[in-house]
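Q: Based on these hints, arrange chain B on the given structure of chain A.
Number of protein chains: 2
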Amino acid sequence: MDVKKYMLDLGQKARAASRAMARADSLAKNTALLAIADSIEEKKPDLIAANKKDLKQGADLEPAMRDRLELNDARIAAMADGLRQVAGLADPVGEITDLRYRPSGIQVGKMRVPLGVVGIIYESRPNVTADAAALALKSGNATILRGGSEAIHSNQAIAGCVREGLKKAGLPEAAVQVIETTDRTAVGELLAMQEFVDVIIPRGGKGLIERISREATMPVIKHLDGICHVYVDEQADLDKAIRIAFNAKTHRYGVCNAMETLLLAESIAEVVLDVLVPMYQEKGVELRGCAATRAIVPEIAEATEEDWHTEYLAPILSIRIVQGVEEAIDHINRYSSQHTDTIVTEDYSIARRFLREVDSSSVMVNASTRFADGYEYGLGAEIGISTDKFHARGPVGLEGLTSQKFIVLGDGQIRE
Amino acid sequence: MDVKKYMLDLGQKARAASRAMARADSLAKNTALLAIADSIEEKKPDLIAANKKDLKQGADLEPAMRDRLELNDARIAAMADGLRQVAGLADPVGEITDLRYRPSGIQVGKMRVPLGVVGIIYESRPNVTADAAALALKSGNATILRGGSEAIHSNQAIAGCVREGLKKAGLPEAAVQVIETTDRTAVGELLAMQEFVDVIIPRGGKGLIERISREATMPVIKHLDGICHVYVDEQADLDKAIRIAFNAKTHRYGVCNAMETLLLAESIAEVVLDVLVPMYQEKGVELRGCAATRAIVPEIAEATEEDWHTEYLAPILSIRIVQGVEEAIDHINRYSSQHTDTIVTEDYSIARRFLREVDSSSVMVNASTRFADGYEYGLGAEIGISTDKFHARGPVGLEGLTSQKFIVLGDGQIRE
Numbered sequence: 105m106d107v108k109k110y111m112l113d114l115g116q117k118a119r120a121a122s123r124a125m126a127r128a129d130s131l132a133k134n135t136a137l138l139a140i141a142d143s144i145e146e147k148k149p150d151l152i153a154a155n156k157k158d159l160k161q162g163a164d165l166e167p168a169m170r171d172r173l174e175l176n177d178a179r180i181a182a183m184a185d186g187l188r189q190v191a192g193l194a195d196p197v198g199e200i201t202d203l204r205y206r207p208s209g210i211q212v213g214k215m216r217v218p219l220g221v222v223g224i225i226y227e228s229r230p231n232v233t234a235d236a237a238a239l240a241l242k243s244g245n246a247t248i249l250r251g252g253s254e255a256i257h258s259n260q261a262i263a264g265c266v267r268e269g270l271k272k273a274g275l276p277e278a279a280v281q282v283i284e285t286t287d288r289t290a291v292g293e294l295l296a297m298q299e300f301v302d303v304i305i306p307r308g309g310k311g312l313i314e315r316i317s318r319e320a321t322m323p324v325i326k327h328l329d330g331i332c333h334v335y336v337d338e339q340a341d342l343d344k345a346i347r348i349a350f351n352a353k354t355h356r357y358g359v360c361n362a363m364e365t366l367l368l369a370e371s372i373a374e375v376v377l378d379v380l381v382p383m384y385q386e387k388g389v390e391l392r393g394c395a396a397t398r399a400i401v402p403e404i405a406e407a408t409e410e411d412w413h414t415e416y417l418a419p420i421l422s423i424r425i426v427q428g429v430e431e432a433i434d435h436i437n438r439y440s441s442q443h444t445d446t447i448v449t450e451d452y453s454i455a456r457r458f459l460r461e462v463d464s465s466s467v468m469v470n471a472s473t474r475f476a477d478g479y480e481y482g483l484g485a486e487i488g489i490s491t492d493k494f495h496a497r498g499p500v501g502l503e504g505l506t507s508q509k510f511i512v513l514g515d516g517q518i519r520e
Numbered sequence: 105m106d107v108k109k110y111m112l113d114l115g116q117k118a119r120a121a122s123r124a125m126a127r128a129d130s131l132a133k134n135t136a137l138l139a140i141a142d143s144i145e146e147k148k149p150d151l152i153a154a155n156k157k158d159l160k161q162g163a164d165l166e167p168a169m170r171d172r173l174e175l176n177d178a179r180i181a182a183m184a185d186g187l188r189q190v191a192g193l194a195d196p197v198g199e200i201t202d203l204r205y206r207p208s209g210i211q212v213g214k215m216r217v218p219l220g221v222v223g224i225i226y227e228s229r230p231n232v233t234a235d236a237a238a239l240a241l242k243s244g245n246a247t248i249l250r251g252g253s254e255a256i257h258s259n260q261a262i263a264g265c266v267r268e269g270l271k272k273a274g275l276p277e278a279a280v281q282v283i284e285t286t287d288r289t290a291v292g293e294l295l296a297m298q299e300f301v302d303v304i305i306p307r308g309g310k311g312l313i314e315r316i317s318r319e320a321t322m323p324v325i326k327h328l329d330g331i332c333h334v335y336v337d338e339q340a341d342l343d344k345a346i347r348i349a350f351n352a353k354t355h356r357y358g359v360c361n362a363m364e365t366l367l368l369a370e371s372i373a374e375v376v377l378d379v380l381v382p383m384y385q386e387k388g389v390e391l392r393g394c395a396a397t398r399a400i401v402p403e404i405a406e407a408t409e410e411d412w413h414t415e416y417l418a419p420i421l422s423i424r425i426v427q428g429v430e431e432a433i434d435h436i437n438r439y440s441s442q443h444t445d446t447i448v449t450e451d452y453s454i455a456r457r458f459l460r461e462v463d464s465s466s467v468m469v470n471a472s473t474r475f476a477d478g479y480e481y482g483l484g485a486e487i488g489i490s491t492d493k494f495h496a497r498g499p500v501g502l503e504g505l506t507s508q509k510f511i512v513l514g515d516g517q518i519r520e
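Chains as they are written, first to last, in the numbering used here: chain A, 105 to 520; chain B, 105 to 520.
Extracted from the complex, chain A is given alone in its bound form:
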């Protein structure tokens, strides 16, 4: 197979399809989404059979990866359900805002438009094929999907359902293309096709994301670490503080919006640690503390400079005692990955300052970092969480796959 030629052809088809998708009305897009959902349910035996092939070939994979790879009844139902949910979301394309008359007599406003062609590169979970296709489709984009080679049969089976749904709705089948080759050079070709791909969204481990950011010739919506903080202020309601600090660390460990560092105002540190330390210890959370923390809880390990920089994704927590909000903000703006950071306080001015000065994609007051999520934020769905500052920050939903052009309505106005 001539991978270069194959990818070029994919790119050209995607660009052509993107024009049709930008024009497509909401009814056609929703019809396609519902038809894909139906097709996924009807073809369940085929999907399971294709997935069995992947699981057989992936017999040597780590258990966690094999688990992510597996399709079962519940996961297939969840895929179909996700597609129907996206069909129910408002269509972002064509939304006109801020349309105002100017002194010249023209009206100037903004219209929301698709980005064009979205490339999405992901790892083992085959459900991403359906989820990503749904979001790209609804937001009027064409998409080129590249899943993990270990999921190739599952992904191609899902791709067949997607094509069937697009066809039923009269939309171009090339609106969603799943790369058929597992040849690794295909990714390099995709990242070089500036002319045909408007944005790349990598979903996966840090290595994948770093490689893609380095090589891509087009913008990348990327999500690197989630080093999230909870700061318990002197003026915190301590019940809330303990509830939030416990939930943010222990609700799930392997997720990007889990807390990795707990910051405590020195005046309340001892009373908070007295309650929290046994709770964490009972849960099996390993604690590492700064010198001041260890003066209160001498049995825990010392947190090193490296700890403040680390996304554990594990039952480990670093704890630091700070003088107050100023030092907390300094620590966060230095070590945070600009993902999600929370303050617990009842003080109005301190809360206001934290919200303004913490430079992260989600900044919270009195809520668990675990809320940083497209569904919890009401975006309806999420293609990823951006820790960049440009274009989209935080959970990226349909809107993040669009931008705004200016529109001008006149009656024959000219510049004098």
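Keep in mind the hints are simulated off the structure, nothing from the lab.
Hints may be right or wrong, so weigh each one.
[As the list claims (entries may be wrong)] Within a straight-line C-alpha distance of at most 27 Å, the following computed DSS-like cross-link-like pairs (lysine-lysine) qualify:
(1) B:K344 to A:K509
(2) B:K147 to A:K214
(3) B:K272 to A:K326
(4) A:K509 to B:K326
(5) B:K509 to A:K326
(6) A:K214 to B:K108
(7) A:K509 to B:K214
(8) B:K147 to B:K272
(9) B:K272 to A:K344
(10) B:K148 to A:K214
(11) B:K108 to B:K326
(12) B:K326 to B:K148
(13) A:K344 to B:K509
(14) B:K310 to A:K509
[As the list claims (entries may be wrong)] Now the in silico label distances, taken between C-beta atoms and shown as ranges:
(15) A:A182 to B:D202: 23 to 31 Å
(16) A:Q298 to B:D202: 29 to 37 Å
(17) A:A163 to B:S453: 19 to 27 Å
(18) A:H413 to B:Y110: 23 to 31 Å
(19) A:G274 to B:E431: 18 to 26 Å
(20) B:E431 to A:D185: 37 to 45 Å
(21) A:S130 to B:D202: 18 to 26 Å
(22) A:Y205 to B:D150: 41 to 49 Å
(23) A:A163 to B:E431: 52 to 60 Å
(24) A:E314 to B:A153: 49 to 57 Å
(25) A:V359 to B:E431: 28 to 36 Å
(26) B:Y357 to A:L112: 52 to 60 Å
(27) B:R206 to A:S130: 19 to 27 Å
(28) B:D150 to A:G311: 15 to 23 Å
A virtual CB, placed ideally from N, CA and C, is assigned to each residue, including glycine.
A: For chain B alone, kept in the frame of chain A given last:
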């Protein structure tokens, strides 16, 4: 001079200053802008003297470039005026929108925040130093400015005024840094400082912009060509059509929002050309036409494939006759630089279709392409016009120098 070390120092100072700028309240920023304006007026003799040095060293420059380089009373007054206007604009930083309660009880909204450190690279006009500093300052960013080496004395003199104003307002002087060396490697260093510079905005010729886009390791807000179209539809009001087509081409030739290609529906082509051709010819506009155009106006030259791709920036116009709106949209989406395109029509459905389907940063109905401009759009000022699709499209004002983070307000909510 160790350029690498110098630039690294600049970058570190800019990053530190950006934190103070993000916190700075509107009063401090406006105080600085007004103080800079005053300082520019007070230091007028110094600015003129510095500019004389540049003009003397640039004795060999082309007349147009020398003209752009020159500072005189009117231009200095315009700079001060521009600063005062920016002081009068609403502060975009901290604006909270879409704050809504979610079923979990948390409130989720967005807060507008500065991008951080903005690098701006421009050519001869020294007034850009003041304009760009003003916009970056008002939007809460720190900025590193790199002007043309031919304007180094003028730019340093203006930089002195900017520092004085910042100091008076109690803001860090490093919030606006103008690179002091004319060493060309400084640009390469700037473009490599991903850690300290969040976005690069090049202002200048195509060569500069292409080089910067290629080398920059951070996002670039760029403006390449302005190949703008006017399409006169079958249903056009012909008076409006003629007025707009004439204005879009002849109001100014060397600007990016001037029309370069006129598209005419075949049914009205002859009657429009009968009026427009003599008007253009009287103005000295060279016309180049497709075969159908030349069948009506045989004396004009033939437009080649290259013409449709060319931004003339000169009194030259290519003309093509199309069957109707469908072919016009196809032509535009193929050849336009996605800057600004206009339809002239009285037909509601055709206008609606053109607005939706033309994939350009500004799409207009019955208005001259010359309106594509930050001031005309009510942005108050403009740092450039983006022909990209990502982050910002069209004229970029204060808002384009910001992005939005999510904020979450709770009462102790946790994820269950």
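Q: Does each hint hold? Answer for all of them.
A: Hint by hint, here is what the structure shows:
1. B:K344 to A:K509: 24 Å, holds
2. B:K147 to A:K214: Between K147 of chain B and K214 of chain A the Cα gap is close to 41 Å, so the pair fails against 27 Å, i.e. violated.
3. B:K272 to A:K326: 40 Å, violated
4. A:K509 to B:K326: It holds: about 15 Å lies between the C-alpha atoms, which stays within 27 Å.
5. B:K509 to A:K326: It holds: about 15 Å lies between the C-alpha atoms, which stays within 27 Å.
6. A:K214 to B:K108: 42 Å, violated
7. A:K509 to B:K214: 21 Å, holds
8. B:K147 to B:K272: The hint holds at about 16 Å.
9. B:K272 to A:K344: 43 Å, violated
10. B:K148 to A:K214: Violated. K148 of chain B to K214 of chain A sits at ~40 Å, over the 27 Å cutoff.
11. B:K108 to B:K326: 25 Å, holds
12. B:K326 to B:K148: 32 Å, violated
13. A:K344 to B:K509: Answer holds: K344 of chain A to K509 of chain B is near 24 Å, not above 27 Å.
14. B:K310 to A:K509: 22 Å, holds
15. A:A182 to B:D202: 23 to 31 Å: This hint holds: roughly 28 Å between Cβ atoms.
16. A:Q298 to B:D202: 29 to 37 Å: Distance hint for Q298 of chain A, D202 of chain B holds at roughly 33 Å.
17. A:A163 to B:S453: 19 to 27 Å: Taking Cβ atoms as reference, A163 of chain A and S453 of chain B lie about 59 Å apart, which means the hint is violated.
18. A:H413 to B:Y110: 23 to 31 Å: 28 Å, holds
19. A:G274 to B:E431: 18 to 26 Å: 22 Å, holds
20. B:E431 to A:D185: 37 to 45 Å: For E431 of chain B and D185 of chain A the Cβ distance comes to about 43 Å; the hint holds.
21. A:S130 to B:D202: 18 to 26 Å: Distance hint for S130 of chain A, D202 of chain B holds at roughly 21 Å.
22. A:Y205 to B:D150: 41 to 49 Å: 43 Å, holds
23. A:A163 to B:E431: 52 to 60 Å: For A163 of chain A and E431 of chain B the Cβ distance comes to about 57 Å; the hint holds.
24. A:E314 to B:A153: 49 to 57 Å: 51 Å, holds
25. A:V359 to B:E431: 28 to 36 Å: 52 Å, violated
26. B:Y357 to A:L112: 52 to 60 Å: About 38 Å separates the Cβ atoms of Y357 of chain B and L112 of chain A, which means 52 to 60 Å is violated.
27. B:R206 to A:S130: 19 to 27 Å: 25 Å, holds
28. B:D150 to A:G311: 15 to 23 Å: At 55 Å between Cβs, range violated.
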